[in-house]
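Visitor: Residues per chain, in single letters:
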Amino acid sequence: MLRDAKGKRPSFYDSPALDQMMSMIMVLAGEVSVLADHIDSIERVAAKNGIDLAAGVAALELDQDALEAREARRQAMLERLFYVIRKEAAEAATAETGEGYSQTIAEIAAG
Amino acid sequence: MLNTFQQADHPVLPKATHDERSRQEFAKGMRGYIQREILPGLTSLYRKVSSSAATALTDRHQIRKAMIREPFFQEYAALNRTAQDLLWASAIDSIEHDWERVTDAADALADKGGELRLNPDLDVPRYVTALDIHCMPGGYASDADAEQLAAGALYDRGVYLYSMGYSGPLSDDKGRSVCNYIKRNLKGFSPKRILDMGCTVGHSTLPYKELFPDAEVWGIDVAAPLVKYAHRRAAGLGFEVNFAQMNAEKTEFEDGYFDLVVSHILLHETSGKAMPQIFKESFRLLAPGGYMIHADLPPFDLMDPFTQFILDNETYYNNEPFWGAMREMDQIQLAKDAGFDPDTIRFDTAPMAVLEFAAASASGYSAEAAEGVADRDFTAGEFAPGGGWEVLIAQKK
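Read top to bottom, the protein sequences are chains V and Y.
This note's numbering applies: residue 144 is where the first sequence begins, and numbers increase by one.
This note's numbering applies: residue 2 is where the second sequence begins, and numbers increase by one.
Hints in this document: simulated from the structure, not taken from any laboratory.
Remember, predicted model here, so these are calculated numbers, not experimental data.
One should not assume that every hint holds.
[Claimed, not checked] For each label pair, taking beta carbons as the anchor points, the in silico distance ranges come out as:
#: 1; chain 1: Y; residue 1: THR59; chain 2: V; residue 2: ALA215; range: 54 to 64 Å
#: 2; chain 1: V; residue 1: LEU171; chain 2: Y; residue 2: THR44; range: 23 to 33 Å
#: 3; chain 1: Y; residue 1: ASN120; chain 2: V; residue 2: LEU224; range: 36 to 46 Å
#: 4; chain 1: V; residue 1: HIS181; chain 2: Y; residue 2: GLU255; range: 52 to 62 Å
#: 5; chain 1: Y; residue 1: GLY340; chain 2: V; residue 2: ALA160; range: 50 to 60 Å
#: 6; chain 1: V; residue 1: HIS181; chain 2: Y; residue 2: THR44; range: 33 to 43 Å
Virtual Cβ for every residue (Gly too), placed ideally from N, Cα, C.
Generate the whole structure from the sequences, applying the supplied hints.
Guide: Below, the structure written as structure tokens:
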């Protein structure tokens, strides 16, 4: 599916980099929230089954499969994290501008 | 109030994994936080900005010019837009991973439910395609949507997250509210044929069949992926409702075919030329005695410039090109010009139906949370401010 919405993304700050930073920070905050949910779910499921996870986590050693799964997850997270930068590149590629957006508002108001 | 509202499942709704769902809940929760904790600060900021302005800020354009320089406003607007980006992205994740199951479920429902009419020759108007409205990637009618279905799935989940569940487990609050309004205020009016214009995935269309089970109900939209998904969704929920790919400016139904023509948040996604046409088409389609009811945005002249400014953020930051201009249209005059009886044309409020969802024990709809939504005062920038929907009503005599 398409990941970019057609229409110039507005700039809210004096520096465009700050707009991108805000997006990245909130994506990261989201991932922290997801992880907290996930860990909570795991602990609840385990506890229902009488398992003490803390001891198991402390003793865990990662094998090759685990290493690969973790790296794939990391890369997918980075793809989400840098969405806003890819959006800017997509706007550059399709020549979307703030002037073009204003023009669309005026044209549609007129019909 | 903790918002734990949850969307109701149905066969073609994409299923999210644990983490996809958490990501979606985060986007929804972030929207709620911005609305509840950050938005109110804009009022104080405006007082400060207007008192220190060299000349009085008398309209929403002047207010915008002054406010966009303020860091607090920048944070508010940037966070709002980021939440919007995140909610669509998080919904796309689950659609992509669950796509095979969704399309199988959709195929299995092709012969169920009501009629579906698609029109590959229909020209989708520019006001729908020029920008991806409310930043939904691909918009309503993208060629990249190979099965002409994914946009429906994305809209279904994305709108639930956008509305933070305020519109109910099936996102049908607007239709339900107008139906309730009809039952309470238009005593004895029992429509036999009902048309929902700009129905998207049929969220608001289905309550009409539920509340008027003997009526023939049609939903129309210009976008094929939306009406196709609407048909499968309705069939999956057990509704015999008809959907067609048609333009509300010029439908294919005969004169006087309907007793009731409605729309829900359609008008602000049209254009200056389309809106009068839609009013005229509504008049043509109605039998004498029939009603036209459009649930959308109240005009700007009913509110102060600061409120106008807040609402107009959607125009500039959420790909809603007609949002502001639509509010400057004289809807009463448009209804008069279309031929409606002037004595019957009016704006009114249809109260939200959110308490009904709590009463029905829908998942996550606690009585406390539902009351919190229903009892709010009007606050510009919130979803469904004031606990009700603004409706324009007119009767064809």
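Visitor: Find the hints from earlier in the document that the structure breaks and name them by number, from lowest to highest.
Guide: Hint check: nothing fails, all pass.
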